[in-house]
Each structure stands twice: as structure tokens, then as C-alpha cells.
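Enquirer: So the chains spell out like this:
Number of protein chains: 2
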Amino acid sequence: MSRLFEAHRALLDRAVAACRARTYWSAYPEVASGKIYGETARADGEAAFKALLGKPFDLDQPSEKRAGHEQSPFGLALGIDYPTASADTLIAASRKAGEAWAGASIEDRVGVCLEILQRINRASFLMANAVMHTTGQAFMMAFQAGGPHAQDRGLEAVAYAYDEMTRVPGAAEWSKPQGKGEPIVLDKQWRVVPRGVAFVIGCATFPTWNSYPAIFASLATGNSVIVKPHPAAILPLALTIKIAREAIAEAGFDPNVIVLAADDADAPIAKDFIIHPGVATIDFTGSPTFGAWVRENAATDLVFTEEAGINPIVIDSTGDFRGMCGNIAFSLSLYSGQMCTAPQNIFVPAGGIDTNDGHKSFDEVASSIATAIDKLLGEPERAAGILGAVANTATVDQVAKARKLGRVVRDSAPAPVTGFPEARTASPLVLAVDASDAAAWGEERFGPISFVIKTASTQESIALAADSTRRMGAITASLYSTGDKTIDAAADAFARSGVALSVNLTGGIYVNQSAAFSDYHVTGANPAGNACLTDAAYVANRFRIAMLRRQRAA
Amino acid sequence: MSRLFEAHRALLDRAVAACRARTYWSAYPEVASGKIYGETARADGEAAFKALLGKPFDLDQPSEKRAGHEQSPFGLALGIDYPTASADTLIAASRKAGEAWAGASIEDRVGVCLEILQRINRASFLMANAVMHTTGQAFMMAFQAGGPHAQDRGLEAVAYAYDEMTRVPGAAEWSKPQGKGEPIVLDKQWRVVPRGVAFVIGCATFPTWNSYPAIFASLATGNSVIVKPHPAAILPLALTIKIAREAIAEAGFDPNVIVLAADDADAPIAKDFIIHPGVATIDFTGSPTFGAWVRENAATDLVFTEEAGINPIVIDSTGDFRGMCGNIAFSLSLYSGQMCTAPQNIFVPAGGIDTNDGHKSFDEVASSIATAIDKLLGEPERAAGILGAVANTATVDQVAKARKLGRVVRDSAPAPVTGFPEARTASPLVLAVDASDAAAWGEERFGPISFVIKTASTQESIALAADSTRRMGAITASLYSTGDKTIDAAADAFARSGVALSVNLTGGIYVNQSAAFSDYHVTGANPAGNACLTDAAYVANRFRIAMLRRQRAA
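Chains as they are written, first to last, in the numbering used here: chain A, 1 to 554; chain B, 1 to 554.
It is possible that some hints are incorrect.
Okay, the calculated bits of chain B under chain A, using three or more residues with CB under 8 Å as the criterion [unchecked claim]:
{"id": "1", "segment": "15-22"}
{"id": "2", "segment": "157-170"}
{"id": "3", "segment": "190-201"}
{"id": "4", "segment": "499-510"}
{"id": "5", "segment": "514-525"}
In case anyone wonders, no lab produced these hints; they're calculated from the structure. Think of the CB as a built atom: it goes at the ideal place given N, C-alpha and C, for glycine as much as any other residue.
Same shape as in the complex, but just chain A:
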């Protein structure tokens, strides 16, 4: 079985090195090109997706009933149902399968994980359709974020897990000197012992990207995994599990090393697993409300969460006003503001800002961002490609209600998608408010809702942004300033608030973007989440170390 490890070893070594160097690297090509993925890959992927519609999903795992009523945000009902079973049944199957998996060598397990990732990579076009029609992401984003970028995040977790496990030596001779006497000699051996059953809860917007780190970190460290997708986005994870089970079975293990726990929104089952003493670790991506419930009620102490936050932009000054407005416009528009990394609060001093185009008043800054959004989304085909669709009807309702929260600088509007007349869409709503209107901007407003917030000064902007991060959480922060002292002050303030800071982004890179092997996603140091994807702490506690020491016969 170490054949798989050898086959993928060069990639693994490169990934381990990339995690340490944190320069640019990617394993799986993000370009949706026929030259890379095969000339017929795009058509094949779409055909494979269509062939799944309206049928029971074929997954040979423990099953007591069927679940699943996914509805594409672009309009179509998927009509797919999935096998599912009670927590007791799935946990029992997972524990049983986990025994041999736990006993396998590090190399065997890591080899299987790398093989799974390669097979998932080959299915990237099918996955793109599955992600698009569950999350509402436009096709290209669904391909990249749901495919190669998610695969990179999975590989990153495998690399961290491998690196961490292999830092523990397999064996050592311990020889303690005894003065003039013979030394005491012990032969010691250490082995990795997994935690047990890992329960992974997926989200509705990035079902693969946000779950792969947990799935692969737990698998690689010897745990069996139960995946509970969001009821609105089951298909991408069901496909993942199907591919994984095939690779696991081919490698000679019980495929129940990974199982699907599907449910419907009106009959949720996550809590049955969360309070179950048979679950050893929980990885949760979702709302702070349910996240708090998970943290408080989980039977296990080992809970990793990514919840949500209110991501700030502080505008102090800029040497590229047009570039700044365009960059912010894109960040607010991309996937209709449904990324956990999308900005919500834009802090601007009441006295305006200095720019390469001269001084700009607060109102000019706000209206220039609005104009940049209008320009960006002026061409409908391009707009659809950026905005995609809105995953949840509640988000559209929130946008409607949010209009009352401030002065409308740019109104939200539907954004039709060619070929999908029923698509649920909404372009960015931008509101102007005062710093004192914290009731408006001081909590998470999920979706395409943002605030341009009038502050007394950049100093107040940084203080408010850092403080709201500490209280409500944030995953990203952004600053525009030409002043080094301001940049240093912001760097200190945001580091203390435990949030990654991007400075002066004006080109083709956006604050929303988090690159595997370089950007740590979430710090774990503010309420946006208690863990980071991926660092050593994310993997090191998923296994423990058992020692055997034998006295050497004299």
C-alpha cells in the first residue's frame, strides 16, 4: 500500500516545503483549461452532473433512510437524495472502520489521502457544477474555489499532518550513563494514536474549501471521518466521499473510514452527533449562533470552529484612488458578499482622505466606491460571472431590510443570469452611516451589505475596526494608507485583535482571497473562529503519541 505514498511522495515533499516557506505555490491548476484537464473535461463534467439530477445518489454506505432536497440558487431543483442513518449507526460503522485505519502506517494513510485528492482533482469540472448549483457561486469561482483551491487546502492539511506526525521518531535507544557502571539502556518506540471518530460539519457557501482541511487532517492522522454537509450543499461533499471511499476500499481498508451524514433542513441531525460520546473531534463551519451551541454542548472538548465576523477596511489615504475603489468594488461584489472573507465595514474619516487624485471628501469616497461597483457590474454577463447567485432566500430578505440602516449610497438590485431565469441574485448594497451607528454596522450582516462609516480620524477608524474585531470577530482586515506610521499602527492593532491585515491592495488580488500554503485562514484568536486553516495546532492535537519502552536484556 505504500505504493500510493511513493507515487505521490514528490508532491507531498513539495507541499511540506511550501507550508514552511509560504511563498507562492499551488499543486492543482486553477485554470479551467482543456489543455490541463482534458479537451472534453468541461463537457464531460457537465454531462456527469446532469446525469446525477433527479436520481438517488449512488453511495454504498450504512443507510436507514434517504435525505436531501437541494435547490440550486440558479433555479433548478436537483432532485437528488442521499443515504443517511442515525448517529448511533454511523458512529458504530465509523469506529469499526477506524480500527484498521488507526493501525495503518503513516505512509499508508497519507498515500491514500494523496490518491483521493488526485482523483478529486480529475473530477474538478463535475465538482464545479455541483458547487455552482448548491452554493450559487458563478461557474468559474465554483471551479476554482470548489475545485483546485479546495484541493490545495486539503493537500496543505495532509502536509501539515505528515510533517507533524513524522517529527516524532519511530524509535530511539535511550542510554543513561551510570558513572563507572554500565549505562541503563532502554529501547523506545513511539506510535501515533488517533483521537477516534471525527465529525465534520460543512457550510452552504464553500462546502469543499472549508471542509477539506478538516477531512484530510483527520484522515491523515488516522481518524475515521463522518461528514455532515449543510442540507443546501450536500452534493459536493457526497461526490468527495464517493471518490474517497473508492480509493480507501481499493487500498484495502473498510470504506466506512469516511461516511456521509446527510440531512434535510427540517430534520437536522448534527446535534445527535455533537452530543454523542462516540465523537472525538468536531470541525464546524457555520454561523456563530450554532457555533456557540457546538462549543458549549459538544461531548468532546476538541472542537475546531470557523464561524463569522465583520471584516473591516480602513481607508486613510491612497496613491491609487481608482485602483483602490475598483479593488474594493470587486471585493464587495465577488459572490455577492457571501464569502466569510468579504469586507463589510469601510471606515473613512469625516474629513476625507488624501489621494493621488487630490483630496476626496467622505461622500466622494463613498460615491466613488459605488461608481466602481456600477462600472464593474455594468456588463450583465460579466456581472453574473462575478456575483453568481444568492445561496439563501433569507439573505435577500436581509438586504431588503438593511436599506433602512443608513443612507443608501448604492442600492442592491437583481442581476439576471443568462440561461437561469429563476436565479436568486442581488448586487451590493452600500450604506453610509456614522461611527455612532454601531447598531447598524456593529454586527454581522451576511451577504452583499456594506457600510461606509464616518469616523473622526484614521486613529478612530483603526480603534473601531480592531475593537469590533475583538468583540464580533473578523477573518480579514484591509488598510489603505500611504503613511508608514499608520501602517505600523494598524499592523499592531489588528495583530492584537488576531486578524490578518492586507495593505494597499489595488491590483488583481483581493482581501477576500486566502491562498493555501501561504495565507493562514482565520487566526483562531478572535470570535470568527477558534482555529486556523492550517497551522500546526490544527493538526497536532488530532493524534496522540503512545510509547513502548523495553529494557534491553543485559
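We have chain A; now place chain B onto it with these hints.
Expert: Frame of chain A; chain B shown alone:
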């Protein structure tokens, strides 16, 4: 300030290498020799200890009142009191001091930690007296376990913390190719952000050895530390804190980076800190009862515990019957069975065992262990040096009550200590019971109480020992067998139960002993504790990583 880092760098590098290789290494000499510690060190240490008695302890830190009524298990009342204050006061002082400490470089902090350890090492004879007269350890054990071995454990934690923090690069250039266009270039920087205030709860038996890993792991990773000693063993940690504060202040930091939170048994204060939202991490050593309370009620999710367990010995067969009995006798006698690593349950098949001295019946095995204890403790001076005194009166009561739990194979008796007529002592009680008497052996019996348990077979012995480990926890397990298949089966069973296994110890090394830089103490994988001293998981989550990324100007 990096001067301290440079001064101690060679030692640090050696310690980091030792953690990885896990062969024998020790930084601080365990031999209580005048040649190493200075010809007058022993006398000076005793004089310094005596000078502390009957006086207020001089510690210049936030104080609202005094606490402390320590009573030596060897008889004398220490008559020392210590400054203490409310949780609000100490946490506020700790947070304030923590700001500059958090902002210091990794090298500055690690340098200070290494300097503290060196100064503590120089005070090893004073510390030996302090540990002896709070815990009841005999002098030589108090010197070694309370001094150099504890210092080694502290250095190990610093080495792990340094290694983990420096795996994150300080900076990198991220350059993403853009086909034929110019690459996108971001300059990225990462910094370590500590969790905040670390609260460390010490125990009555190993106040330094069990607390140093937490104290030094948290300090090195930038957290400020509040230490709450067991009310029976304040002095060793008060001395530690005094030395640490001096080194911290000399390095230019607020000495409140570490403060003492002393209390009395009748007015405990730990809970005030545990439920306080200003505490970011908790390290607890103590009873499973209070440990469960800590895990359930802590305001923070980040809790590291070492609680307790019932450590098994499985006897299957031996090629050195006399060596085995002598080794077990020592393990049961050392510090009167008050080590968290001391064995409690000795499983022996009803049909007896094969040995180099021929077949031995169950009763012969039990009586031979009893005889070995009698021999070991036959000479009073030597007995006192091994047994020490009993830390807690409740333990003596437990020994008295335990006599009813089985057939007495060897009775417990007082063991007078020359020069200390009031010493509270108890030699090992050994009881024979059946495997079915789980009400007797199936729970923790703290102190010099052990059971020789009659099982149907070695297979049953291993199963019972592994199962009781899973249910009640265990820190050590021991096996005597000449059969490789039995050894392999036991290795698998105990690894699955998350306990370190020692095999065929007959010479001068004992199952109770856990060597820094080689033996992982506690696995974290059974109820004996949720963390390991020390592995990567023990340090990696004490800090988080904050990123700054800047777009390079075109």
C-alpha cells in the same frame, strides 16, 4: 536583550535536537554534588530555607492580603505567608504586563526563559528543601524531581515553543504568475500573537515538575502567567516566581508577567480565575474531581489537564523473577506511592507464571513482591530515603480503610524518619483480590495502596488493564513477559488505550520515571489527562499567527 538568547543559545539548540531525537539527554545535573553545584551549596540551601521559615515571604507583587499555612509532612509548620489578591486584581496586572511581553521578539522572550531556568538551577538545594517540606518527598528525590528534572521539563517546553514558533517564517515574498503578464507580488509578514493570561494550577506532590512545562510553554509563547499553587505546596512555586520576576525585570519587562496567586485550603480562589473571561488558557494538575469541574466550567475552551489514573502492571512471565519483584517493590515504595506514575494494579494469572526460578503460583508472586518490599525497606535510613513522608492526612486514612478491600499480602506501617519524629509516613499496603473485585481495584486509591489481581489468563489481564485505562485513565503501564507475541499484543492494547508501556523493567529504571526529552508524560488520550508534557500540541495552540500582507508598488 537578545544578549540572553545568545548566551543560552547553544543549550537551546541542544534541547531542540534532544526533543526530536529522544535519546538520553539532560541539561541540569541530577547529582546533588558539591563539585557541580558548589561545595557549600547543600549547606547554603538549607540555611536559605531555614531563613525563610516563620516569616512573610518577600515578593513584591500586587497584594491585597496574605495567605499560606504550609505544614511539612515531616512535621514542622513552615510559618510562611505570601502576598495574594483577588482574581480581578491579579488578572488586570497580568494583562497589563502581558502587553509588552507579547510584543517582544521570540528571541527576547526565550532568552529570558532560559535565564530564569539557569537561575532556578543554581537554587536547586534551596528548592530541594522547599519541595521536601511541602510535598513530603525524601531529600534526594526532592532535589532531583523538584530541581534538575523539573528544570529539564521546563527547558523542554521552551525548546518545543521555540521550535514551533520559528517554524512560521517571519516574512516571505509571494509572487503569483499571471501568464504573460507581470506576476502579482505581495510582501508578507507573520507574527506570533499570544493567547493572553495563562492560569497554572499546581499540585501538592510535584509542584515544580508538573507546573514548569505549563509556565515555560506559556511564557515563551508570549503569555503572561498567573500561578496558583496547591495551598500545601506554595513555597517551591513562590521561589520560582521570585527568581523569574527578578530575571524578567532585569530584562526590562514588567515583572507582573508572572505573579503568584496563593490561597489557603479553607478559602480557595482557583474557581474565581477559572470562570474569569480574562483568563485565556488554563493548565491544571490535580484530582479528576476538580479536573472535571475545570473542564466543564472554564470560561476558556483551552484547558490542559493532568488528572490521575490507575496504573496497571501485567505479569505474564519473566526471565528474572528476583529482578522483577525488586523493581516492582521499588515502584510501589518510591514516595509512598504518591507519584501519578506509580502502579496500583498488578494483574497475575490464577495459574501462576513461568520464571527463571521455575513456575510461581499466584500466591507466590504476591508474597515475593511483599518480601521484596520488606527487604527494600528493611534498613530504616534507606526506607526513609525511598518512602519520604505522606503529603496529606487523608491518604493515611485511605490506607487504613483500604485494608478491608482484600486479603492483606503486606501490611502498611509507619516508617520513622530520623530527625523528624512527627513525620507522617506509611509503607506500602499490598492486597490480593479477584478480577471480579473491581469495586476494590477499579478506582484510583491514591497513596501506598496496591492490588495483586487474580485473572483467568494474561489475555484477561491485558484486557482488564487496557479497559480500566480507557475508563479511569492511566499514565503508565508495565508488562513482564518473555513472549514476543504477548508483548506485541499488550503494546497494541495499551497504545489503543493511550498509555505508555514499559516492558521487563528489572534494573535501575522504574515505570514511575518519566525522563524529559524522551518520555512523553501523559498521552492525553485517556481520562488521566487531556494533554501531554510535552509535545507539539502542548505548545502550538498557546499562540496564534497574525499576517500582514502588502501589495508591492508597481
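Enquirer: Looking at the structure, which of the earlier hints fail to hold?
Expert: none
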